[in-house]
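Heads up: the sequence shown begins at 0 in numbering that gives the first Met the number 0, then just goes up one per residue.
Careful: at least some of the hints might be erroneous.
What the hints assert, rightly or not - Below, in silico cross-link-like pairs of lysine to any residue (SDA-like), each with a Cα-Cα straight-line distance of 20 Å or less:
no. : residue 1 : residue 2
1   : Lys46     : Glu72
2   : Lys46     : Arg122
3   : Lys56     : Lys46
Said to hold, decoys possible - Label pairs and their in silico Cβ distance ranges:
no. : residue 1 : residue 2 : range
4   : Arg68     : Arg122    : 32 to 38 Å
5   : Asn22     : Gly94     : 33 to 39 Å
6   : Asn141    : Gly108    : 32 to 38 Å
7   : Asp172    : Gly74     : 18 to 24 Å
8   : Thr95     : Ser145    : 36 to 42 Å
9   : Gly138    : Leu105    : 38 to 44 Å
10  : Thr95     : Asn180    : 36 to 42 Å
11  : Gly90     : Met140    : 24 to 30 Å
12  : Gly74     : Asn168    : 31 to 37 Å
13  : Glu176    : Leu105    : 29 to 35 Å
14  : Leu89     : Asn168    : 19 to 25 Å
It is worth saying that the hints were derived from the structure and are not from the lab.
Model, not experiment: these values are computed from the prediction.
Just so you know, even glycine gets a beta-carbon here, dropped at the ideal spot from N, CA and C.
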Amino acid sequence: MKDIILMMLSLGFFNVTASPQENKSFHDFQVTDINGNEFDMGSLKGKKVLVVNTASKCGFTPQYADLERLYKEYGDRDFVIIGFPANNFLGQEPGTDAEIKAFCQLNYGVTFPMMSKISVRGRDIHPLYEWLTRKELNGVMNSNVSWNFQKYMIDESGNLVGMISPRENPYSDELLEWLNN
0 MKDIILMMLS
10 LGFFNVTASP
20 QENKSFHDFQ
30 VTDINGNEFD
40 MGSLKGKKVL
50 VVNTASKCGF
60 TPQYADLERL
70 YKEYGDRDFV
80 IIGFPANNFL
90 GQEPGTDAEI
100 KAFCQLNYGV
110 TFPMMSKISV
120 RGRDIHPLYE
130 WLTRKELNGV
140 MNSNVSWNFQ
150 KYMIDESGNL
160 VGMISPRENP
170 YSDELLEWLN
180 N
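Given only the sequences and the hints, what does the whole structure look like? Please build it.
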């Protein structure tokens, strides 16, 4: 029996290889920033990271102001916010990367890193968001990105810590408690 199982393994009858994103940390991902440059999440090792899917034409868009304020207030404490524009909800982020960048800077003075527009759910979900939303990949929890401005907390080691609803302000008790510990 042992010989049969070994033969079946060698012939590929069983899939024993890990999926490409399994056992990854946040720091293993590379993305494209809003200027078209490669951004290595590994450069954020040792920092707490708040990942937020954003949109310019959403009822939650004013959260940009509090996100920027939070970034300025906690940025010197090894904390960074990463914005990921996404057009997954009622076409509320229709612009190009250049238009999104201009909107964020003009209307909210955004200085935290913004990435290139991606998909945060569906068939074309970005690999980073697939990792953020699937427990078998992140080891913590399953979640669905329910709307714009959903917030994911990543610890200094690149592990997912938790998620905060889009309805919650960036200054929520949960987020501030995490930042201050």
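(message) Need the list of violated hint numbers for this structure, in ascending order.
(response) 2, 3, 8 and 12
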